[in-house]
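A.B. asks: Next come the chains, spelled out residue by residue.
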Amino acid sequence: GAVVSQHPSWVICKSGTSVKIECRSLDFQATTMFWYRQFPKQSLMLMATSNEGSKATYEQGVEKDKFLINHASLTLSTLTVTSAHPEDSSFYICSAREVSSSGANVLTFGAGSRLTVL
Amino acid sequence: AQSVTQLGSHVSVSEGALVLLRCNYSSSVPPYLFWYVQYPNQGLQLLLKYTSAATLVKGINGFEAEFKKSETSFHLTKPSAHMSDAAEYFCAVSYTGTASKLTFGTGTRLQVTL
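These protein sequence lines are chains L and S, in that order.
Mapping of the first sequence onto this note's numbering: residues 104 to 221, in sequence order.
Mapping of the second sequence onto this note's numbering: residues 217 to 330, in sequence order.
For the record, the hints were derived by calculation from the structure and aren't laboratory data.
Certain hints may be false.
Among the chain L residues that face chain S by a calculated CB cut under 10 Å, a handful are [claimed, not checked]: (1) Val107; (2) Gln141; (3) Leu149; (4) Val209.
Predicted model, so just to flag it, every value in this text is computed and none were measured.
Think of the CB as a built atom: it goes at the ideal place given N, C-alpha and C, for glycine as much as any other residue.
Using the sequences plus the hints, can you model the full thing?
C.D. replies: Shown next as C-alpha cells:
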C-alpha cells in the first residue's frame with residue numbers, strides 16, 4: 104500500500120532556530136499534501152494544503168511566514184518552522200493524496216514529527 | 217462550518233466487551249465520514265470511511281460504523297474489544313472528497329481492561 108514517510112520523527116531545537124520537516128510519498132506521486140498540527144492530547148488541526156508547484160493554502164490563523172511550506176516535487180513537501188519558540192512545540196503530521204489507477208483518491212498519513220523547542 | 221462531535225473523551229471497556237465510540241456530524245448535506253486510529257507517538261491509520269455507497273461500513277480490525285442520516289451519526293463499534301484496541305480514535309469529516317482536507321473530532325481515548 105501507499106506509504107508516506109516523515110523525517111525527522113522527532114527533533115529538539117533551541118529557541119530562535121529553524122527546523123525543517125520532510126514529508127515524502129514513497130511509492131506514489133502526490134500532487135496534494137496536507138499539514139496538520141496536534142497538541143498533546145488534542146485533535147489534529149489543519150494548518151495548510153500543499154500543492155505541487157504552487158503556493159500553499161493556509162488555514163485561517165496560521166502564519167504563513169512562520170510555517171513555510173514548499174512542495175517542489177510530486178513526492179516531497181517540506182514544512183519549515185522558522186524562528187521556533189517553545190509554543191511551536193507540537194506533533195506535526197502530514198498526509199498525501201494519491202490518485203489510484205481506478206481514479207479514486209486515497210489519503211495516506213505519515214507517522215508524524217514531534218518538535219520540541221527549548 | 218463542517219464539524220464532528222465525539223461524545224466522551226475517554227471510554228473504558230473490558231476485554232471482550234462491546235466497543236461503542238460516538239460521532240455526530242453537523243450538516244444537512246451528507247458528508248464523507250471517516251474513523252482513524254492513532255497509537256502513541258504515531259500517525260493516523262484509517263479504520264473505515266463512509267462514501268454514500270452503503271450505510272453500514274466495515275473496516276479493519278473488526279470495526280464497523282453505521283451512517284444514520286436521521287441521527288446525523290456515524291458511531292464506531294466492535295463486538296469484542298481486544299487489548300490491542302487501546303488507542304486514540306478520531307472521527308473526521310470532509311465535504312470535498314474522500315482524500316481532501318479533513319476536519320477532525322476531539323478524539324476518544326479507548327482503554328481496554330482485563
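A.B. asks: Confirm or reject each hint.
C.D. replies: Consistency of the hints with the structure:
Checking L:Val107 against chain S by beta carbon gives a least distance of about 8 Å; that is within 10 Å, so the hint holds. Given the 10 Å rule on beta carbons, the hint for L:Gln141 holds: about 9 Å separates it from the nearest Cβ of chain S. A hinted interface residue such as L:Leu149 counts as satisfied when its beta carbon comes closer than 10 Å to some beta carbon of chain S; here the least separation is about 5 Å, so the hint holds. Because the closest C-beta pair between L:Val209 and chain S is about 6 Å apart, less than 10 Å, the hint holds.
In terms of the numbered hints stated before, the structure departs from none.
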